[in-house]
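Student: Starting from the known structure of chain F, arrange chain R on it as the hints suggest.
So the protein lines, in turn, are chains F and R.
Counting in full-length UniProt numbering, the first sequence runs from 1 upward without gaps.
Counting in full-length UniProt numbering, the second sequence runs from 1 upward without gaps.
Think of the hints as simulated: they come from the structure by calculation, not from any bench.
This structure is a prediction, so every number in the text was calculated from the model and none was measured.
Even glycine gets a Cβ: it sits at the ideal position worked out from N, Cα and C.
Fair warning: there could be bad hints in the mix.
To be verified - Capping the alpha-carbon separation at 25 Å, the derived lysine to any residue pairs in SDA-like fashion look like this: (1) K236/F / K8/R; (2) K137/F / E334/R; (3) K40/R / G138/F; (4) K137/F / Q305/R; (5) K137/F / I28/F; (6) K40/R / E233/F; (7) K8/F / P337/R; (8) K122/R / V46/F; (9) K137/F / T132/R; (10) K40/F / Q305/R; (11) K8/R / P337/F; (12) K108/R / G138/F; (13) K19/R / G333/F; (14) K137/R / F66/F.
Stated by the list, open to error - Which bits of chain R does chain F cover? Going by a derived footprint, with three or more residues having C-beta under 8 Å, they are: (15) 15 to 22; (16) 126 to 140; (17) 147 to 157.
As the list claims (entries may be wrong) - To give an idea of the chain F side of the interface with chain R (calculated C-beta under 10 Å), a few residues: (18) D58; (19) P331; (20) L335.
Number of protein chains: 2
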Amino acid sequence: MNSVTNDKVIQLSHGGGGKEMNRLIKDIFFNAFDNAILRKEEDAAVLHFDGNVAFTTDSFTVAPIFFAGGDIGKLAVAGTVNDLAMMGAEPQFLSCSVIIEEGFEITKLKTIVASMATELKKSNTRIVCGDTKVVPKGCVDGLFINTSGVGQIIKPDISVKNLEAGDCIIVSRDIGRHGAAILMAREGLTLESELTSDCANLWPIVEQLIAANVEVHAMRDATRGGMSAVLNEWAKASNVCIEVKEEAVPVSDEVKGLCELYGFEPFDLANEGTFIVAVPADNAEKALNVMQQFCHCQTASIIGQVTEQQNNQGKVILQTPWGSARYLDVPQGELLPRIC
Amino acid sequence: MNSVTNDKVIQLSHGGGGKEMNRLIKDIFFNAFDNAILRKEEDAAVLHFDGNVAFTTDSFTVAPIFFAGGDIGKLAVAGTVNDLAMMGAEPQFLSCSVIIEEGFEITKLKTIVASMATELKKSNTRIVCGDTKVVPKGCVDGLFINTSGVGQIIKPDISVKNLEAGDCIIVSRDIGRHGAAILMAREGLTLESELTSDCANLWPIVEQLIAANVEVHAMRDATRGGMSAVLNEWAKASNVCIEVKEEAVPVSDEVKGLCELYGFEPFDLANEGTFIVAVPADNAEKALNVMQQFCHCQTASIIGQVTEQQNNQGKVILQTPWGSARYLDVPQGELLPRIC
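If we strip away everything but chain F, and leave its shape as in the complex, we get (with noise of 0.2 Å):
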């Protein structure tokens, strides 16, 4: 390699902890993420809080890093906001850790540190510590992200454990697209509409649920395992069956016919900016209300409810269109690796 390459790719000395590691930071990382916590270049940021703070991490290995709707970028912040945004947490602060291998294209960084960027200001979260690491050729494919995030609680209760018989289901669009849109990438298809990722900043739609002091039992954005893995989770931990109507569940064309053609059920696919959310069922039209401003969920729906059925505490029912019912399990098996 020339070094007119190498000035244009990620080297080893750029995580070595000296002065490449120190100029890529500054060059890349603050200039994109600028706030004045992230300026003090302490060991941690400094953070306040009084009261109750939601914790949680992720890492995204999504292939290929670049899709139809998003990128890991984009990703690795709406990924973690999103686990924040359903814990009623307001997604205040990122930390941001990247792993990249060497040769790795530094405008392809600057590009995904710029859809971070993006993504960020949707939920005016800031990112305030990071992690710079390089790996020699062949270590890692590509480049992986860790996001972890904290934020003050400011919807309290909402928990896995808090769905009661009576409770409305409400997804809060079509599903499915992530997981269709990584394998059409994946695979070099195309279809003749465009499919695109739903991967999405949550907190908005959330924000606006709580200012219209919605009542929310559970809420979980439905990524690896889909609405099944949420729902079966859901009704486990609850200990209620939760019924669902087949034909209440939005799919688009393009996911269902890319369902058909390799097998999979939309049910089980990941998604990356659609949450489901349990709402009293009073409580089910203002909910929908809400959701269905944002241009991204005009197709919100009721899919369902909780049910007081004693033998199938713990279940979840899925009601075909042709009056049939069956058990919606747990994914079993890999459907698609590196989906996030």
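Tutor: Showing chain R alone in chain F's frame:
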């Protein structure tokens, strides 16, 4: 691979968000890290804070995963605990996010997790949230761990910007052991005497320094970039000159020998349980007394002081045993990739 072998290694399904992942998380991580917050299994841990809180993150990619004096698990806990401790914060809560290569041996994973649990106990730290990703063979080299941490600040105003002329610079023990131990492991070297990494949880010492009411201006563990990186950062951030007596810096014979062999400087080598502290001169003896009570810090020494040299603000000067002086600069280039 037959099914017996399959049971002994990590499979892609262990990261799929379904049954296998739930089982892995419960069997391995929850068992080892068990605590009331983790057991709640929400999207995020709920913590309570009143006041200032430190927040930090670190990813660990060390190779080899097992080395003399530790492993990636011990390192991942000690590293993040130490970042909090260095800010005068009690290391209360950690996250644990692992990225595992398909085919990784489950017994190795258990060993690493057990060593994390052991290290956590030393500072009464709890892992309260986590994430598990599995990537296909060849997409990551073995196992990477990210730990992020939060904890209440109990000793405020420790900062890279707080050094003052007259401050004594103390190092907690002989330097360069971690870098040397990794180098040894990687090169397959064996020495007559046993050289081990200094990898250690520093909270017990810091807690005693705080309890003894030692006035601390700056404190930092000398990880990547070693002592050189820390002192240069301090000199720059506080706009002072730091003068170090080379003879006063404790270095073991083994580290000296390896440095001569490979052309390294002990000042540049990474440490993982060695810290540097700047205290007012009249607090130096008290600090030394506290530190030397700990068996791994019996060689804690005053190595230099902060001076008012007008022409050398922002610089670190090394006074050699031969009466000459030179600048001790920030390391440049890549000494040892994947040191932590």
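Student: Next, verify each hint and record whether it holds.
Tutor: Structure-based check of each hint:
A hinted pair counts as satisfied when its Cα atoms are at most 25 Å apart, and K236/F with K8/R does not qualify at roughly 28 Å. Our distance criterion of 25 Å between C-alpha atoms is met by K137/F and E334/R, whose separation comes to about 14 Å. Taking the CA atoms of K40/R and G138/F, the gap is about 38 Å. The hint is violated against a cut of 25 Å. With a C-alpha separation of about 41 Å, the suggested pairing of K137/F with Q305/R is violated against the 25 Å cut-off.
The hinted pair formed by K137/F and I28/F meets the criterion: a straight-line CA distance of about 21 Å does not exceed 25 Å. The hinted pair formed by K40/R and E233/F meets the criterion: a straight-line CA distance of about 12 Å does not exceed 25 Å. A threshold of 25 Å between alpha carbons decides the hint, and for K8/F with P337/R the separation of about 19 Å falls inside it, so the pair holds. A hinted pair counts as satisfied when its Cα atoms are at most 25 Å apart, and K122/R with V46/F qualifies at roughly 24 Å.
Distance hint between K137/F and T132/R is fulfilled; the C-alpha atoms sit about 23 Å from each other, no more than 25 Å. A threshold of 25 Å between alpha carbons decides the hint, and for K40/F with Q305/R the separation of about 23 Å falls inside it, so the pair holds. With a C-alpha separation of about 19 Å, the suggested pairing of K8/R with P337/F holds against the 25 Å cut-off. With a C-alpha separation of about 21 Å, the suggested pair K108/R and G138/F falls inside the 25 Å cut-off, and the hint holds.
With a CA separation close to 8 Å, the supplied pair K19/R and G333/F stays within the 25 Å bound. As the CA atoms of K137/R and F66/F are separated by approximately 21 Å, the hinted pair is consistent with the 25 Å bound. For a cut-off of 8 Å, the count of residues in the segment 15 to 22 of chain R with a CB near a CB of chain F stands at 8, and the three-residue condition holds. A count of 11 residues in the segment 126 to 140 of chain R with a Cβ less than 8 Å from any Cβ of chain F is obtained; the coverage claim is therefore met, three being the minimum.
By the rule of at least three residues with a Cβ nearer than 8 Å to a Cβ of chain F, the coverage given for the segment 147 to 157 of chain R holds, with 4 such residues. The closest approach between the C-beta of D58/F and any C-beta of chain R is roughly 5 Å, which is under the 10 Å cut-off, so the hint is satisfied. The beta carbon of P331/F comes within 4 Å of a beta carbon in chain R, closer than 10 Å, and the hint placing it at the interface holds. For L335/F, the interface hint holds, the least distance from its beta-carbon to any beta-carbon of chain R being 6 Å, beneath 10 Å.
Of the numbered hints stated above, those contradicted by the structure are hints 1, 3 and 4, listed in ascending order.
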